[in-house]
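Residue numbers (the working numbering), protein chains in the order written: chain A, 1 to 295; chain B, 1001 to 1322.
Bear in mind the hints are in silico, worked out from the structure with no lab data behind them. Positions of the beta carbon are idealized from the N, C-alpha and C atoms, including for glycine. It is possible that some hints are incorrect.
Here are the simulated PhoX-like cross-link-like pairs (lysine-lysine), alpha carbons at most 20 Å apart as the crow flies [to be verified]:
{"#": "1", "chain 1": "B", "residue 1": "K1264", "chain 2": "A", "residue 2": "K145"}
{"#": "2", "chain 1": "B", "residue 1": "K1266", "chain 2": "A", "residue 2": "K258"}
{"#": "3", "chain 1": "A", "residue 1": "K86", "chain 2": "A", "residue 2": "K103"}
{"#": "4", "chain 1": "B", "residue 1": "K1266", "chain 2": "B", "residue 2": "K1239"}
{"#": "5", "chain 1": "A", "residue 1": "K196", "chain 2": "B", "residue 2": "K1239"}
{"#": "6", "chain 1": "B", "residue 1": "K1247", "chain 2": "B", "residue 2": "K1266"}
{"#": "7", "chain 1": "B", "residue 1": "K1247", "chain 2": "A", "residue 2": "K196"}
Not close to chain B: a few residues of chain A, all C-beta gaps over 12 Å, as computed [claimed, not checked]:
{"#": "8", "residue": "E42"}
{"#": "9", "residue": "G44"}
{"#": "10", "residue": "G79"}
{"#": "11", "residue": "R112"}
{"#": "12", "residue": "Y115"}
{"#": "13", "residue": "F116"}
{"#": "14", "residue": "W124"}
{"#": "15", "residue": "L143"}
{"#": "16", "residue": "G152"}
{"#": "17", "residue": "R198"}
{"#": "18", "residue": "F237"}
{"#": "19", "residue": "G238"}
{"#": "20", "residue": "L249"}
{"#": "21", "residue": "K258"}
{"#": "22", "residue": "Q263"}
{"#": "23", "residue": "T283"}
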Amino acid sequence: MLELENVWKSYRVGSLGSKRLTAVRDVSFTIAPGEVLSVVGESGSGKTTVGKMVLQLISVTRGTIRLDGRDITAAGKRGLREYYRKVQGVFQDPFSSYNPIFKADRVLEMVRQTYFPRVGRSEWQAKVEESLQSVGLDPGAVLGKYPHQLSGGQLQRMLIARALLLDIEVLVADEIISMLDASTRIDVLNLLGELKERGLAVLFVTHDLSLANYISERVIIMRHGAVVETGATAKVFGDPRHPYSRNLLASVPQLHTKWADNQFHAEELEPDGDRDRPPAPLTKVDENHWAAAAG
Amino acid sequence: MSLEVNDLRVHYRTLKGDVRALDGVSFDVADGEIVGLAGESGCGKTTLGKSLIRLDGRMRHVGGTVALDGEELPIGDDRAMNKRRFKDVSIIPQYSMSAMNPTRRIGRMIADLLGSRGIAYRDLKRELVQRLELVGLPEKVLDNYPIELSGGMKQRMVMVISTLLDPSLLIADEVTSALDVSNQKAVAETLVRFRDMGFVKSMIVVTHDLSLVYQIADTIMVMYAGRIVEKASAETIVKAPQHPYTKALISALPEVGLEYGDRKLKSIPGKPPQLLNPPTGCRFRARCPLAGDECAEQPPLVGIDRGHEAACWKLEESNARA
Ligand SMILES: Nc1ncnc2c1ncn2[C@@H]1O[C@H](COP(=O)(O)OP(=O)(O)OP(=O)(O)O)[C@@H](O)[C@H]1O
Ligand SMILES: Nc1ncnc2c1ncn2[C@@H]1O[C@H](COP(=O)(O)OP(=O)(O)O)[C@@H](O)[C@H]1O
Ligand code: SF4
Ligand SMILES: [Mg+2]
Ligand SMILES: [Mg+2]
């Protein structure tokens, strides 16, 4: 179980870090094994920052992140390596998160060297093949290839396979589908669906609401670093209570209704204010459904 | 008719042979029409857009003709095309947001561009400022460097620049793909507004996002492996597609507002063919659930209804299965 409790993040920006930008404000949520939680919101709303804190790529300014009850921010270097056996991330642009001069075999071999130095080669080989097959990749078709020789979907799946070599409990997936084609998208989404059924917890970061709707049972909508609405996906997307959520949903291009036929008028939203003040608290508006007060 | 493309063939020359990225493409774009061009990555959408503007180094015009407003467009002749670019045909290239020169202020960049067309910046400055305001950008952005604008602002800026000389045809290549939904909507609606206000006469909007292009296009063309497989009104493509590929593409799209529960969407098995040595016959054959012996022959693009064309031997069967 992954838990975020009142997590804040401020970046130092400007020359010599003279200014502060509060990118994440008082965010709390949990993800249980076998669950996909989507984080949606406009660009700059803080989604990636949340994912990076979960992956401990950046520090938490305030608040706590716990995995199975243990505070992860307190872990030292050794503790962190143990943590990465359980929590891994896959990012937006697979080509950039992957060293272009390493062939696939080498990338997977590095996992062995770092985490399983005592596992023998043939045993490892079998594990690699099993992991590739579990993400729908033919080992023969990807091993021995450089990243540019793989399609975006293949590469994305290979990175998921790499994460799976570690028997992870939590996967952070940040915009991993956005740059894929309609057809490949469904393959990767369905793969996440299978992993979820096998007990993985997934933090699915996206700005595409249709993907969030398809894959997750619960969703969080972020704006200006804070959560404005959260709950069961069907509730939040079907009966959005916060004006920002309503605007966002009305902007989604849908296949059977045109924006022009939709009688929706964008609602006036509160401008970005003092980010160091606590955001409007979430109140329960329905069973499994919470929203922040607007205005 | 604004644009008439006839049996256009454009290949990439490579050491291994020709990549047949456009292999016999024919279509028209009417005055005032917005045509959406959709299809999987690598099917030739960008190649088609570029062919109407500028063939880059390795591209060769192998056959076919293009006419704009009744006059032949000399697409194979870079010098002759130079006079037409930006003025008659203009493009917003894929990834143009990141391609803007980061070291030059935006106003200076526009002045240079106009200068290269023999037009004085000050003569167009008023019109430019008005159009910027129309898309919600203040005049002072002209003093900014591109990196100082957000993705959505940059994209609107590029749109204003590329339509400043009121071209007859605008090609917009994946202009919304990198944006979040609110910016996507703003940018897409601006394209329509530019058409409505006469800044451009007609438009080809290239995207792999069918739900988005459905919002703004009058007509949608679906490409597969270097060819057009179906063309019809946006309504028809989405609600009553005929070609097996279009059908598969549409049924693979998740939508907000539907509850999926345990229901899984189906992807299209397999991959599009290599265009270096494309297979003979119907290029969708290896992935098509209806493929049969006759598909070893290439199906022609034929009219099946007013404004609706498709290239498949088994349209009737495909329909019966719908
Ligand atoms: N410079 C080049 N040299 C050789 N082949 C090329 C070159 N550029 C593109 N191609 C090939 O031409 C075909 C069409 O490419 P194009 O860029 O037009 O696709 P697209 O439909 O725009 O794809 P995307 O959706 O990824 O933008 C592809 O098979 C591609 O690999
Ligand atoms: N390394 C960083 N240094 C300073 N500011 C950053 C950094 N990373 C992100 N930000 C800022 O934090 C905010 C949230 O960014 P991000 O988490 O990337 O949002 P999202 O993923 O929702 O688009 C933005 O204003 C962004 O500019
Ligand atoms: S021609 Fe044959 S292979 Fe091609 S789409 Fe039609 S049925 Fe399928
Ligand atoms: Mg992000
Ligand atoms: Mg392209």
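The hints, checked one at a time:
Between B/K1264 and A/K145 the alpha-carbon distance is near 31 Å, which puts this suggested pair outside the 20 Å criterion. Of the supplied pair hints, the one linking B/K1266 and A/K258 is violated, its CA atoms being roughly 24 Å apart against a limit of 20 Å. In summary, the hint linking A/K86 to A/K103 is not supported, as the alpha carbons are separated by about 25 Å, beyond the 20 Å threshold. About 18 Å separates the Cα atoms of B/K1266 and B/K1239, which keeps this hinted pair within 20 Å; it holds.
For the given pair, A/K196 sits about 33 Å from B/K1239 by alpha-carbon distance, which is inconsistent with the 20 Å threshold. At roughly 11 Å between alpha-carbon atoms, B/K1247 and B/K1266 fall within 20 Å of each other, so this suggested pair holds. With a C-alpha separation of about 29 Å, the suggested pairing of B/K1247 with A/K196 is violated against the 20 Å cut-off. With a least CB separation of 5 Å from chain B, A/E42 falls inside the 12 Å interface cut-off, contrary to its annotation.
With a cut of 12 Å on Cβ distances, A/G44 falls inside the contact zone with chain B, its closest approach being about 8 Å. The beta carbon of A/G79 is kept farther than 12 Å from every beta carbon of chain B, the shortest such distance being approximately 36 Å. A cut-off of 12 Å between C-beta atoms confirms that A/R112 is not in contact with chain B; the least separation is 30 Å. Consistency note on A/Y115: stated as away from chain B, and its beta-carbon is indeed over 12 Å from all of that chain's, at 32 Å minimum.
Separation of A/F116 from chain B is adequate, the least Cβ-Cβ distance of about 33 Å exceeding the 12 Å criterion. Distance to chain B confirms A/W124 as a non-interface residue, since its nearest Cβ pair spans about 29 Å, more than 12 Å. Chain B leaves A/L143 outside its interface by the beta-carbon criterion, the shortest separation being 18 Å against a cut-off of 12 Å. Residue-level check failed: A/G152 sits 7 Å from the nearest beta carbon of chain B, not beyond 12 Å.
Once the 12 Å rule is applied to beta carbons, A/R198 is consistent with being away from chain B; the minimum gap is 15 Å. Residue-level check failed: A/F237 sits 6 Å from the nearest beta carbon of chain B, not beyond 12 Å. With a minimum CB-CB distance of about 7 Å to chain B, A/G238 fails to clear the 12 Å threshold, and the non-interface call is violated. Listed as outside the interface, A/L249 is inconsistent with that label: its C-beta sits roughly 7 Å from the nearest C-beta of chain B, within the 12 Å cut-off.
The Cβ of A/K258 does not lie farther than 12 Å from every Cβ of chain B; its closest approach is about 5 Å, which violates its non-interface assignment. Interface exclusion of A/Q263 from chain B stands, the closest Cβ pair being 15 Å apart, more than 12 Å. The beta carbon of A/T283 sits about 24 Å from the closest Cβ of chain B, which is more than 12 Å, so the claim that it is off the interface holds.
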